[in-house]
Amino acid sequence: MKGPLFYSKILLFGEYGIIKDSKGLSIPYNFFKGALKSKNKDSEEAKKSNASLKAFAEYLKNLQQKDHELVTFDLEALNKDVANGMYFDSSIPQGYGVGSSGALVAAIYDKYAIEKITVLENLTREKLLKLKTIFGKMESFFHGKSSGLDPLNSYLSLPILINSQDNIESTSIPSQNLDGKGAVFLLDSGSTGETAPMVHLFMEQMKHEGFRAMLKDQFIKHTDACVEDFINGNVKSLFGNLKQLSHVVLDNFKPMIPVEFHKLWKQGIDTNDYYLKLCGSGGGGYILGFTEDINKAKKALKGYNLEVVYNF
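Numbering-wise, the working numbering puts 514 at position 248 of the sequence shown, and it's gapless, one number per residue.
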């Protein structure tokens with residue numbers, strides 16, 4: 267048994283903001299992927315994954331009992347496969363902000379959900395929202411609280427535009443210009459980040475009026491502008507808004523940025539060679555970078571591992 271492949275995702279814009287109804291834009295990232303397997307199940311990795319799936323299956327049983335109108339699973343088949351050593355074979359790094367648990371949730375829903383919503387049908391807004399709700403509840407097993415966007419992106423393998431929490435749609439983004447100098451890239455921080463403590467930290471900050479005002483008047487304003495610019499291909503305006511956004515994040519989300527990157531972050535804003543932002547919840551994993559000249563950015567970030575994900 268080898269299931270279909272499910273890909274990682276990159277939330278280009280909207281981290282934290284989408285909790286408070288900013289716009290967001292999420293794209294599939296096919297470099298990393300995962301699939302359910304039951305062959306070669308004796309490795310340590312496979313055993314670890316299998317144990318996690320066992321606990322997840324138990325969680326889904328409880329979820330189904332509580333909310334059977336939302337989703338039901340073929341639990342008998344799932345438990346049988348898990349008992350036979352099934353595991354999730356994945357190249358998606360965990361704790362890196364590229365959706366490792368999202369791909370697993372999508373794979374389990376795809377294989378075991380009864381009366382599932384498929385990619386082939388007409389995906390109305392209602393269906394997308396229902397999927398997002400189901401995935402949010404499923405993924406909560408891994409994160410404590412989940413928006414459901416990572417699994418949705420992985421399941422559909424399409425760019426998703428988040429207009430607000432209850433208004434999402436699949437969207438198209440401008441075709442890449444493979445000869446272009448401009449690029450979106452991933453910068454490896456060299457350490458993993460845990461989602462739950464970062465989200466907890468954010469929620470604590472939200473108790474302060476000044477932080478809430480900054481989120482609404484600056485963070486969400488620039489995030490929304492970046493989403494609009496990116497989708498419409500307004501590169502010049504995009505970089506103006508990115509610079510502002512990068513600044514706001516450095517000033518107000520310092521705990522989410524690994525300490526050794528504070529200087530590098532500021533250097534990008536000061537030189538305009540590149541702008542950095544959080545990729546997912548931060549705290550480690552990947553940092554997302556944007557540059558109008560990838561060669562300049564590579565020079566400025568010499569010694570760091572840059573992975574280009576999109577060319578302008």
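One or more of the hints may lead you astray.
[As the list claims (entries may be wrong)] Pair by pair, the computed Cβ-Cβ distance ranges are:
| hint | residue 1 | residue 2 | range |
| --- | --- | --- | --- |
| 1 | N306 | N577 | 30 to 38 Å |
| 2 | V525 | D333 | 36 to 44 Å |
| 3 | N498 | E324 | 40 to 48 Å |
| 4 | E387 | N443 | 30 to 38 Å |
| 5 | K473 | L386 | 23 to 31 Å |
| 6 | Q330 | T537 | 52 to 60 Å |
| 7 | N443 | D287 | 27 to 35 Å |
| 8 | K529 | S357 | 25 to 33 Å |
| 9 | T390 | T537 | 40 to 48 Å |
| 10 | A566 | S309 | 50 to 58 Å |
| 11 | N328 | D432 | 38 to 46 Å |
| 12 | L386 | T537 | 46 to 54 Å |
[What the hints assert, rightly or not] Each computed DSS-like pair below joins lysine-lysine, with the alpha-carbon atoms no more than 27 Å apart:
| hint | residue 1 | residue 2 |
| --- | --- | --- |
| 13 | K332 | K299 |
| 14 | K303 | K382 |
| 15 | K447 | K332 |
| 16 | K473 | K562 |
| 17 | K564 | K532 |
| 18 | K305 | K286 |
| 19 | K447 | K562 |
| 20 | K327 | K411 |
| 21 | K314 | K447 |
These are computed hints drawn from the structure, not numbers from a lab.
None of these values were measured; they are calculated from a predicted model.
Note that CB positions come from ideal geometry on N, CA and C, so glycine has one too.
Hint check:
1. Under the hint 30 to 38 Å, the C-beta atoms of N306 and N577, about 36 Å apart, fit the expected range.
2. Take V525 and D333: their Cβ atoms lie about 41 Å apart, and the range 36 to 44 Å holds.
3. Distance hint check: the CB atoms of N498 and E324 are about 46 Å apart, consistent with the given range 40 to 48 Å.
4. Remark: the range hint 30 to 38 Å for E387 to N443 is upheld by a beta-carbon distance near 33 Å.
5. Checked against the given bound of 23 to 31 Å, the beta carbons of K473 and L386, roughly 45 Å apart, lie outside it.
6. Separation of Q330 from T537 is about 54 Å and conforms to the stated range, judged on CB atoms against 52 to 60 Å.
7. Our hint of 27 to 35 Å for N443 and D287 holds, since their Cβ atoms are close to 32 Å apart.
8. For K529 paired with S357, a C-beta distance near 31 Å keeps the hint of 25 to 33 Å intact.
9. Checked against the given bound of 40 to 48 Å, the beta carbons of T390 and T537, roughly 46 Å apart, stay inside it.
10. The hinted range of 50 to 58 Å is not satisfied by A566 and S309, whose Cβ atoms lie roughly 40 Å apart.
11. Evaluation of the 38 to 46 Å hint for N328 and D432 yields a failure: the beta carbon distance comes to about 26 Å.
12. Between L386 and T537, the C-beta spacing of about 48 Å keeps the proposed range 46 to 54 Å intact.
13. Between the alpha carbons of K332 and K299 the distance comes to roughly 31 Å, so the proposed pair goes past 27 Å and is violated.
14. Distance check on the hinted pair: K303 and K382 sit about 21 Å apart at the alpha-carbon level, within 27 Å; holds.
15. Between K447 and K332, the direct Cα distance comes to roughly 52 Å. Violation of the 27 Å bound is thereby established for this hinted pair.
16. Using a Cα cut-off of 27 Å, the hinted pair K473 and K562 is violated, with the two alpha carbons roughly 40 Å apart.
17. Straight-line distance between C-alpha atoms of K564 and K532 comes to about 16 Å, which keeps the hinted pair within the 27 Å bound.
18. Between K305 and K286, the direct Cα distance comes to roughly 43 Å. Violation of the 27 Å bound is thereby established for this hinted pair.
19. Distance check on the hinted pair: K447 and K562 sit about 9 Å apart at the alpha-carbon level, within 27 Å; holds.
20. Taking the CA atoms of K327 and K411, the gap is near 18 Å; set against the 27 Å cutoff, the hint holds.
21. Proximity of K314 to K447 is assessed by CA-CA distance (about 42 Å); at most 27 Å being required, the pair is judged violated.
Hint compliance for this structure: hints 5, 10, 11, 13, 15, 16, 18 and 21 are not met, and every other hint is.
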